[in-house]
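As they're listed, the protein sequences go chains H and A.
Numbering-wise (this note's numbering), the first sequence opens with residue -19 and increments by one.
Numbering-wise (this note's numbering), the second sequence opens with residue -19 and increments by one.
Please note that a few of the clues may not be correct.
Copies of the same chain look alike in the list, so a pair counts if it works inside one copy or between any two.
To be verified - Below, computed lysine-lysine pairings styled on BS3-like, alpha-carbon distance capped at 27 Å: (1) Lys232 x Lys222; (2) Lys278 x Lys222; (3) Lys280 x Lys355; (4) Lys252 x Lys232; (5) Lys342 x Lys355; (6) Lys232 x Lys278; (7) Lys232 x Lys355; (8) Lys232 x Lys280.
Worth flagging that the hints you see were computed from the coordinates, not collected in a lab.
Source: prediction; values computed, not measured.
Residue-level listing of the chains:
There are 2 protein chains.
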Amino acid sequence: MYPHFALTLQRTLYHTFDAPGDALVLDGGRTLSSHTVAYQTWGQLDETRSNAILIFHALSGDSHVSGQHEDGRSGWWNMMVGPGCAFDTDRYFIICANVLGGCKGSTGPSSHNPETGRPYGTDFPVVTIDDMVRAQRPLLRLLGIEKLHAVNGASMGGMLALAFTQLYPEMTERAIIMASAAANHAQAIAWNKIGRRAIMNDPHWLGGHYYDSPDGPPRRGLAVARMIGHVTYISEGAMDRKFGRSLQAADKESFSFGVDYAVESYLAYQGKSFHERFDANSYLYITRAIDYFDFAAKTKGDLTAAFAQTRARYRFFSYDADWLYSPERNEAMAQAALAGGREAVHHRVHAPLGHDAFLVQKEPQTELISEFLQK
Amino acid sequence: MYPHFALTLQRTLYHTFDAPGDALVLDGGRTLSSHTVAYQTWGQLDETRSNAILIFHALSGDSHVSGQHEDGRSGWWNMMVGPGCAFDTDRYFIICANVLGGCKGSTGPSSHNPETGRPYGTDFPVVTIDDMVRAQRPLLRLLGIEKLHAVNGASMGGMLALAFTQLYPEMTERAIIMASAAANHAQAIAWNKIGRRAIMNDPHWLGGHYYDSPDGPPRRGLAVARMIGHVTYISEGAMDRKFGRSLQAADKESFSFGVDYAVESYLAYQGKSFHERFDANSYLYITRAIDYFDFAAKTKGDLTAAFAQTRARYRFFSYDADWLYSPERNEAMAQAALAGGREAVHHRVHAPLGHDAFLVQKEPQTELISEFLQK
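All chains should be modelled from the sequences, with the hints used to inform the complete structure.
Here is the structure:
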């Protein structure tokens, strides 16, 4: 792993699982002869091994979906995963793994490349959402799970959950897809592209081989990419209400290019702090995987046909002020799933915050998910 | 002027006007003892000097609003300004000037700094929308115009037109404001901030003093800023329809970080070509001026009170798929203008393209504007 993250990771109580016997043939044609999956679990697997739920994280997430770590860091979805929560750890065995290409313990561009003895950097192969799902298949074998009670994910996690129902149709009863889309759309591809461009423009990026550089990683480029992402995660109205035109410190404009407005300060902070917990190359790889995602690609663009080949019962959740993956895109999935003969319901949730509502708003999802999981 | 632009400018048939007797005291406290205004005119000023219309351009515009130049370049608003157009040059005397802080002939950061004998760079003072309007006041004096038939502008140009009605309430009969807002809002401030950050991160920026650098201007940073801007100018739906997930050249993904999708190619082109016609420092200065714009600032945030102090008759045009300056923001201006005792009408135009519709769609605006100008 990228030395910069080593300290953080040492304190992170995830398990790693090496899948050396499971050579991973990637969509791009290359093969990873072995890979590591960093994962965590909560709750108890029941005797029939039928109460397991696999949760997939979003772009910048990790396996630490719930609980409190020794370093004080909370799970990114504590409100949804825990005793008595929607994903009730008293009842279900919850699994969450860091994605392939990530930087939170699973194999990715910051990992040791056995062929060179150094971090992969951009020698790491470009991976897809399907590759990320396949990378987690051996983990289920390790845990002795043949069929999941449910898969779940929001944003990119929703794409992974969808892909799971397509790659392993017999392996899950239910799929809960939130704030996601059946394919990445042009505007979202554009944002990803611009973010990657900002990273690759940074002279510290060094073609992706910056891990040993005395200058450190491409912090500034990653900051710009993260800032772009952040704006897409929040609705225009929420930004108006949260920041408006409030000045950050002084009582008048500075007549400079520094930080005047609260929204500038917020973004600068988000951008600046991100490199402390995220690898710029992983940002490149994960956004590219999102770009490439198209659930209907295997059925020549026919989304209904794609759902017809799956077996899960679907629940879609969208957030009405989400402009990254809009309610309309989630509704389109639900309609195609129904047309494909699946059980599917789309819950359009009132959430003025926008896309990031999946991270902070728990109602009415909690009741709806609890009910669906018990049905 | 920045040498890079010299060639382009030589072929551009604008006039320049130096205002040495008009020291410009700027909102930020500094003074420009003289400044140049690059402008063009179309049509004939009538005997009573009462048929003049001043058009303000948007962020990346210039004085070349109409006609064909020797170099073959068309005016940026040929469809709206010309014989028989909404702004009918057979009937009206049309004026358009490059804004202060720009790079198309008027004084800006790429201009010669008389104190150092070199281009200003970031020694140029940060200017406001009001400063830009004040900078054009001497031009009207030069042309012998005491009262305009109308002022007009779209996007940032709309802010300038609004500011004109506030700074010189007796000097225009009408104001036509399109795809604009009474103040820059948090999300738009955020995009501007991120774009500036990308420019300032570019090692070729050199603190703004890159004009003599052998490495040339901060092309890559400016490209990222421009790409961000472009996405905000087009609606999500228009990007879906125009690009969708179409691949640019090959029939499958490259599994690289290069250009796969048509939307990536489009953005890369927009970004790459922009530095050939625009100065990165001007991008900083102009976006900052937009950030600072707040029509209600002088009336302590009371927009109605701000309009009550004006005298123009207003027409607002918005484009229903514009998510940068939404119909709601334009409607808010119209409502406040009415509440402030002004004549005001808001036309919400169906325009699936989004913000950039003001540049390419001429109906029903042409008829509505013609009628308003003749009333």
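With 27 Å as the alpha-carbon cut-off, assign the pair Lys232 and Lys355 to within, between, both or neither. Result: close neither inside a copy nor across copies, 58 Å intra and 41 Å inter.
Pop the pair Lys252 and Lys232 into one bin, within, between, both or neither, using alpha-carbon distances up to 27 Å. For Lys252 and Lys232, only the intra-copy Cα distance (25 Å) is at most 27 Å; the inter-copy one is 36 Å.
Status of Lys280 relative to Lys232 across identical chains (alpha carbons, at most 27 Å): Between. Shortest inter-copy distance 13 Å satisfies the 27 Å Cα cut-off; intra-copy 57 Å does not.
With identical chains treated as interchangeable, where does the CA-CA distance between Lys280 and Lys355 reach 27 Å or less: within a copy, between copies, both, or neither? Intra 33 Å, inter 57 Å, cutoff 27 Å: neither.
Is the C-alpha distance from Lys232 to Lys222 at most 27 Å within one copy, between copies, in both cases, or in neither? Close inside one copy (19 Å), not across copies (43 Å); limit 27 Å.
Should Lys278 paired with Lys222 be assigned to within, between, both, or neither, using CA atoms and 27 Å as the limit? Answer is between: at 23 Å across copies they meet the 27 Å cutoff, but 42 Å inside does not.
With identical chains, the pair Lys342 and Lys355 could be close in the same copy or across copies; at 27 Å between alpha carbons, which is it: within, between, both, or neither? Intra 20 Å, inter 56 Å, cutoff 27 Å: intra-copy only.
First find the shortest C-alpha distance between Lys232 and Lys278 inside one copy, then the shortest across copies, and answer within, between, both or neither for a cut-off of 27 Å. Between. Shortest inter-copy distance 13 Å satisfies the 27 Å Cα cut-off; intra-copy 57 Å does not.
Checked against the numbered hints above, the structure breaks hints 3, 7 and satisfies the rest.
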